[in-house]
Amino acid sequence: MTTTPYLHRILRLTGTTAVLATALCLSGCGRGEGKDEIIRVSRQSSSGTYEFFREHVLNKKDFKLGSRDMNGSKEVVELIANTPGAIGYSGMGYHEPGRVKMLPVALKAGAPPVEPTVVNTLNKSYPIARSLLIYTLGEPEGEVKRYIDWTLSDAGQKIVETSGYVPLQPNEHRKFDAPAASTGPKVTLQVKGSDTMVNVAQAWAEAYKKVAPHVDVEVSGGGSGQGIAALIKGTIHICNASRNMKAGEIEQAKKNTGKTPKEIVVGYDALAIYVHKDNPIQSITLEQLAGIFAEDGTLTKWSQLAAPAP
Amino acid sequence: MSARPKPGPAPARPQEPSPPAPEAYSFAVRSARRPAWSVWGERALEGAIYLCGISAIIFVLSIFFFVFKEAAPVLVGGEFSLTEFLFSPEWYPTSEENKRYGVLAMLAGTFSVTALAMVLAVPFGLGAAIYISEFCGSKLKETLKIVIELLAAIPSVVWGFVGLTVMSKLIVTYTGAPVGVNILNGGLILALMSVPIIVSIGEDSLKAVPDSYREAGVALGATKWQLVRRVLLPAAKNGLLAAVLLGVGRGVGETMAVLMATGHAVQIPHGILDSVRTLTANIAAELGEAPAGSDHYRVLFLTGVLLFSLTFVVNLGADLVVRGIRKK
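Keeping their order, the protein sequence lines are chains A and B. Under the working numbering, the first residue of the first sequence carries the number 1380, and numbering increases by one thereafter. Under the working numbering, the first residue of the second sequence carries the number 722, and numbering increases by one thereafter.
Treat each hint with caution, since some may be false.
[As the list claims (entries may be wrong)] Facing chain A, a subset of chain B residues (Cβ under 10 Å, in silico):
(1) W812
(2) S816
(3) A829
(4) G858
(5) L861
(6) E863
(7) T864
(8) L865
(9) P876
(10) L885
(11) V893
(12) G1009
Please keep in mind that the hints were generated in silico from the structure rather than gathered at the bench. Beta carbons: idealized from backbone N, C-alpha and C, even for Gly.
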């Protein structure tokens, strides 16, 4: 057949492409190779967790560029579970035993590392514990107040616990007595904010449907920053936040809506440091975390972390 | 036999236009006597179609105006420098000490992901277009076309999901990369997304080459491959170029899939196994939280202007190339 010479040409073309592709690949592998590299997993800048970590671990310094910035608390844990050399931070409610492990954190070198547990969060020995907050514009009223009262009741706090977070102490719980006929005109409560709290907020919304069937609670995430921005605009009833509102934000909210944001603590979270389940590291100090994540940090390899024996 | 009557009326046809003058005359009279509603209706319809036509221009201009209007104040403000914006890789929009807005790393990210996607998708897409249009049988052709259209209909977030879960594991296993969400992942996903576009438009433009070209080629004794390379490809050049450029456009503009598959890390990549962040993904991730009217918000809009200009340059370049080809 006369086509045979052209077959050669096709083969040659394919060959060239393959060689080019391999060359590209190799040039990439040269840098990417090595499990020793610390893969930093961080959050997008609208996240309250991101700001909390920057303030309390990095001492307000900036993050080093080049971290993988995930758009949700769950994604952080998911990426770490798939990446042997990764380290990242996320709420303790997203722990997946068997896929990732939470590292005990020491305040400084030599200090005893502390596990992120309920007890250690409540007695404040875990160095990076924080409050889970909700904000409303002005004092909560009507259905919003009833919903918040319920989240602070025994039933609501039970959900905080089952979602993996630390509930309030029993003496902080509020009494919630559901009126016999819990009906009324249909109401929709808009809840937005922290990704850390999305799982607990959704569980609340579901359970509250049984307490007050006429109330629809719509929950969305996006990060504390987005929730606070929406609260300032006045487009939501309740803002979930895993960090405090800043003075500037409170001012803006007052100016925009004429109401002062009201802060309510609904639970606690130990900000957990996650690594892959096969990572041999046993514990980590705050200094080491800053060395890994901060802009001027010098720790880029796991071998640089001579992890102190716990 | 039943076909017999057909030729019957055929010879009558040539006779119809034989008295041309009265025919044309009567037509003119008839059209002049149309009722007013018909005349005005037609004019209104013409106007509506005209509006549809120029609306594209209005939309483009107003979008550009709006985006630019949101971005402009930061350009005249004191602290922001355009040089830093274009040539610094440091992106710290929410820093407490020192805010820096440099998009160089994200420009590099956008370019590298798009380039890799095109390197993979163009040969593959054009090859598939040539095969479907010239080589394959009609039954297979129909099946392939349906499947490829189906491929084009998969939403981008689903592609992103595939990249994040399936592809990233494969990449870690087979390349030894420390992390699976990187340029290679994003490039593969984008390539898979743009192949259907390149194939269907490329195939259309090959189909548009008149059959007489093929017949002439075959008559001159050309083989199938000679026909494709020497006759069809040059004849369909414009359409094929358009196919490739639409693919590039998809690559530059795609947001959700690359947001999920590239790792979203601000850094200038040194190899295809590095994570990057693209301009589009950055806007998508940060615009929601940036307080309206703040510098961060305006710089994100400026990024939009930059993207807009990029696509404009690509399209303009393509147009010039196509014109150059036409002149030849």
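Report task. State the violated hints by number, sorted upward, taking the hints as numbered earlier in the document. Result -> 3, 4, 5, 6, 7, 8, 9
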